[in-house]
Amino acid sequence: MKALSLLILLSLPFNLLAQPAQEKGLQIAREADRRDTGFHDQTADLEMILRNSQGEESRRKIHVRTLEQLDDGDKSLTTFEQPADVKGTNFLSFTHKTGPDDQWLYLPALKRVKRISSRNKSGPFMGSEFAYEDLSSQEVEKYTYKYLRDESCNGLECFVLERYPVDKDSGYTRQVVWLDKQEYRPQKIVFYDRKNSLLKTLTYSGYRQYLDKFWRADEMFMENHQTGKSTRLIWSDYRFKTGLQERDFDRNSLSRTR
Amino acid sequence: MTRSLAEGLVRWRWWLFSLALLALGLSAAGGRYIGFSNDYRVFFSKENPQLLAFEELQNTYTKSDNVLFVLEPSDGRVFTPQTLAAVEWLTRQAWQIPYSIRVDSVTNFQHTRAQGDDLIVEDLVRGANELSAAQLQEIKRVALHEPLLVHRLVAPDGRVTGVNVTIQLPGLDPAAEGPQVVAFARGLATDLEARFPAIKVHLTGIVLLNNAFSENSMKDMSTLVPIMFAVIMLFLVVLLRSLWSTLATMAVIVASIVSAIGIAGWLGIRLTPPSASAPTMIMTLAVADCVHLLVSFLQRLRHTPQRRTAMVEALRINLQPIFLTSVTTAIGFLSMNFSDAPPFRDLGNIVAIGVAAAFFYCVMLLPALMIALPVRVPAVRNRSVTFMDRFADFVVARRRPVLIGMAALVIGLIVFIPNNELNDEFVKYFDQRVPFRVDTDFTTENLTGLYNIAYSLKSDGSGGISEPAYLRKLEEFAQWFRQQPEVIHVSSLSDTMKRLNKNLHGDDPAWYRIPDTRELAAQYLLLYEMSLPYGLDLNNQINVDKSATKLDVSIKSISSNKTIELEERARQWLVDNAPASMQTHGASPSVMFSHIGSRNIRSMLIGTTVALLLISLILVFALRSLRIGLISLIPNLVPAGMAFGLWGLLVGNIGLALSVVAGMTLGIVVDDTVHFLSKYLRARREEGLSPADAVRYAFHTVGTALWTTSVVLMAGFLVLTYSPFELNAGMGLLTAITIGLALIADFLLLPTLLMTLDQKDAYESAKLTDPVKSPV
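For the record, the sequence lines run as chains C and R.
The first sequence begins at 0 in numbering that gives the first Met the number 0 and counts up by one.
The second sequence begins at 0 in numbering that gives the first Met the number 0 and counts up by one.
For the record, the hints were derived by calculation from the structure and aren't laboratory data.
Fair warning: there could be bad hints in the mix.
Partial pick of chain C residues on the chain R-facing surface, computed with a CB cut under 7 Å [as the list claims (entries may be wrong)]:
no., residue
1, H95
2, L106
3, K113
Short, incomplete list of chain R residues facing chain C, as computed with Cβ under 7 Å [unchecked claim]:
no., residue
4, W94
5, I100
6, T516
7, P532
Derived pair list, reagent style BS3-like, types lysine-lysine, alpha-carbon separation capped at 27 Å [what the hints assert, rightly or not]:
no., chain 1, residue 1, chain 2, residue 2
8, C, K167, C, K145
9, R, K199, C, K86
10, R, K218, R, K139
11, C, K110, C, K145
12, R, K62, R, K45
13, R, K457, C, K194
14, R, K501, R, K457
15, R, K45, R, K561
16, R, K427, C, K110
17, R, K45, R, K427
18, C, K86, R, K501
19, C, K86, C, K60
20, R, K45, R, K199
21, R, K457, C, K60
22, C, K212, C, K194
23, C, K145, C, K86
24, R, K497, C, K86
25, R, K561, R, K427
26, C, K96, C, K167
27, R, K501, C, K110
28, R, K555, R, K199
29, C, K194, R, K199
30, C, K145, C, K180
Since this is a predicted model, take the numbers as computed values, not measurements.
We put the beta carbon where it would ideally sit given N, CA and C, even for glycine.
I would like the entire structure built from these sequences, with the hints used as guidance.
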């Protein structure tokens, strides 16, 4: 996969102009994916601030561990920390490039691991404005692409592409993505619902580079234009190559991890 | 002064005519801003406490404007591959309805079940066409045992099913958004019936309700106004027996309506069914001004060939009464500004503007037209005059029995006022000719109710909805509601919790109960939320903080009083059984409409009193007699009292629309009194006649005009009863009754009162300062 990406990268300058928009869009997506390859594993803390149109707020805290998979979607283990009544709940997911993800949940109150069999990944994550599909590993194969135009965004030169979910159960018809040309980081994503009406806008801010390679945003802000609700994600304590292994991401690890 | 004014109006008639045309043009230009409102919320003022409570509920959860498709398969079986395929198709297509944010049906219901340690969450029906008989049986069993579905999306006998689409209108272009949704939904319904001919689709829901308001305002405008024109034309031809006079009157009427609607446009008023009846009312009221002036003009024309002189004379005797009656009528309509329901404020203001416009056009347009037009004097016909004279003799001769009889009639009717029960069922605002009403009635009979009450029940704090104590109380409350006879369906988070508890214990029915610990419930909820698809989340039931849930109760078609009573019983149950945090009031359109009648009656009582005081004050000054002014109070007040009594006897249901009738008719019924009294006083002051002879004089001069204008007014308001919008129909009927009773009061009660209470020589001193007589 790496060799292929390299090949594509080498051919980029020669081909970009001549290619149809679909091809160019796919290549930009692949390049973005390539640039984020090789972190092996990462952990981070996440605070979610949910707000309704009445202005009422609610906060959730989780800890996320991710293990990079080169030939499939990444594996992740999410530990819920706040609110207190779900503390210790662990969520393990194996994302796949095609087909439904595998999901298990450990409920400490029930002291059992439950596998969740569901086609649904378009529902809200913990009641927030982020769908599970917005937060899970963004594999290139999950969408088809079309390059739209160049445009400046957040003071940077950006590519603007449109991507279309492959999964029929997705909540979206399309997403418009702004990636800066310099580092291929997503700056903004606009989501369109099943009837192709404007649904949500996600904006990234506070990008920082880790290990001289991987860019991570400190804040992601999702605004639902139809309901007036919003969710702010605040990431902190990013760590990379912490030595996590496959066995930290299996069914048994679910009841062990705290 | 009146004479010089009358002469001025005639001398400068062409200037005034041009000025009137200019004013007409300017005001008419506002007509392009006129629009139709299509939101039931316009019936509530911004301060309305029930509206505020409902809006808070909507902002906390998801807005619950909806379109409900009700599918009626001809074989009466929902659980067949064909019907379920149709539901599946519609469920998918419904996502394409503009501004839809959620679609709920039997097919996309998120069925949860256990399989070993797996929790399976999936659509209840997927691929309906390939289902086996056994699978269909299982689906039917699940659906008919699911409290979230039965009586909400599927009938308990499995004969009818619904697809509910939640709509969130952005409100950027309210005039366009609702109709857009309705047009799309109707298209889908037609499409479905074409694809699945064995299925009939009924359409209801709040979005359809809103649409029915705007559609019926437009329909009222386009059907009632032409009928009204025909009625008025007919009356004028019969009454004036002069084509030119009729046409001139019609010109004044049209100008008044155009100006009133144009000015409403300038003011940014959006038309609603009540205010859409303004043109009909203006038309009716404008006739009276013209008729009084024209009858006098035509009468004078018989004695003098000079049109100018005849017009000056007609203006001289009519200017003051026409002005007075216009002012009092306008005040009556302006009293509607006290109403809590903005559409009636708009109606009052538009009609008041129209009445003012009618006065100005009457004195500015008519003189020029009537002097210029080749008007022929109609043949003399005084049969009604001789009838009036004989009637006057009767009243004078039998004053005592007439007075006693009238007093008995008045009291006999007024005692029935308490028979009226307040009721505002918004579905019944539309009659059976409106498809929305028919479809909604079908839905209420066969599936679920459009009327509902929703409760936002708070727990102790953040995340508190997972506390077993809270959930148990929630369940008890839901159970209590289910036992009430008025209730069709209750949806509560407690049912979902019980189901999840069962699912996570290997579907063991023994675990179909509230989870034992807060952690367990919270973790179930987390698990469940993570497995729900797009649009089927719990945000419509749980607030962001997870500190409150919404309990939704669908109720049968019950009256406002019963709704309020049910809500109060529920409130009492909460006070008796639930912790303080859960104690709240229900909120919903049904609750809002249930209170609107009594709120309006209270506010209109003040409005009517203010109007009465103002009008009486004007009468006292205009008639220059405190005593006569006070006597006039009786025939002014009595008609509305009698009308409401008669209504209580015959109908017994009053609501929003009728709460404004007393104030509105006050200004109209006063007119008759003013005309009668001004003639009576003229006879007493100018001619020095006795009360009995003055009564004869009054009957002789204005008797005919009074009963004819009353008949025109009654006919005009009776046209409103043809409206499919019951508020307008009821308002029209009660107003017509009031005007009819006012005529009776003016002919039988007022003269007998005057003869009893007015003393003989009271006018000797007043004679010197009488404004009508003093030359200017």
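Status of each hint after checking the structure:
no., hint, verdict
1, H95, "17 Å, violated"
2, L106, "4 Å, holds"
3, K113, "5 Å, holds"
4, W94, "4 Å, holds"
5, I100, "6 Å, holds"
6, T516, "6 Å, holds"
7, P532, "4 Å, holds"
8, K167(C) x K145(C), "18 Å, holds"
9, K199(R) x K86(C), "51 Å, violated"
10, K218(R) x K139(R), "43 Å, violated"
11, K110(C) x K145(C), "47 Å, violated"
12, K62(R) x K45(R), "18 Å, holds"
13, K457(R) x K194(C), "35 Å, violated"
14, K501(R) x K457(R), "25 Å, holds"
15, K45(R) x K561(R), "25 Å, holds"
16, K427(R) x K110(C), "55 Å, violated"
17, K45(R) x K427(R), "24 Å, holds"
18, K86(C) x K501(R), "22 Å, holds"
19, K86(C) x K60(C), "9 Å, holds"
20, K45(R) x K199(R), "40 Å, violated"
21, K457(R) x K60(C), "23 Å, holds"
22, K212(C) x K194(C), "39 Å, violated"
23, K145(C) x K86(C), "42 Å, violated"
24, K497(R) x K86(C), "22 Å, holds"
25, K561(R) x K427(R), "15 Å, holds"
26, K96(C) x K167(C), "14 Å, holds"
27, K501(R) x K110(C), "16 Å, holds"
28, K555(R) x K199(R), "23 Å, holds"
29, K194(C) x K199(R), "25 Å, holds"
30, K145(C) x K180(C), "16 Å, holds"
Taken one by one, the earlier hints fail for this structure at numbers 1, 9, 10, 11, 13, 16, 20, 22, 23, listed in ascending order.
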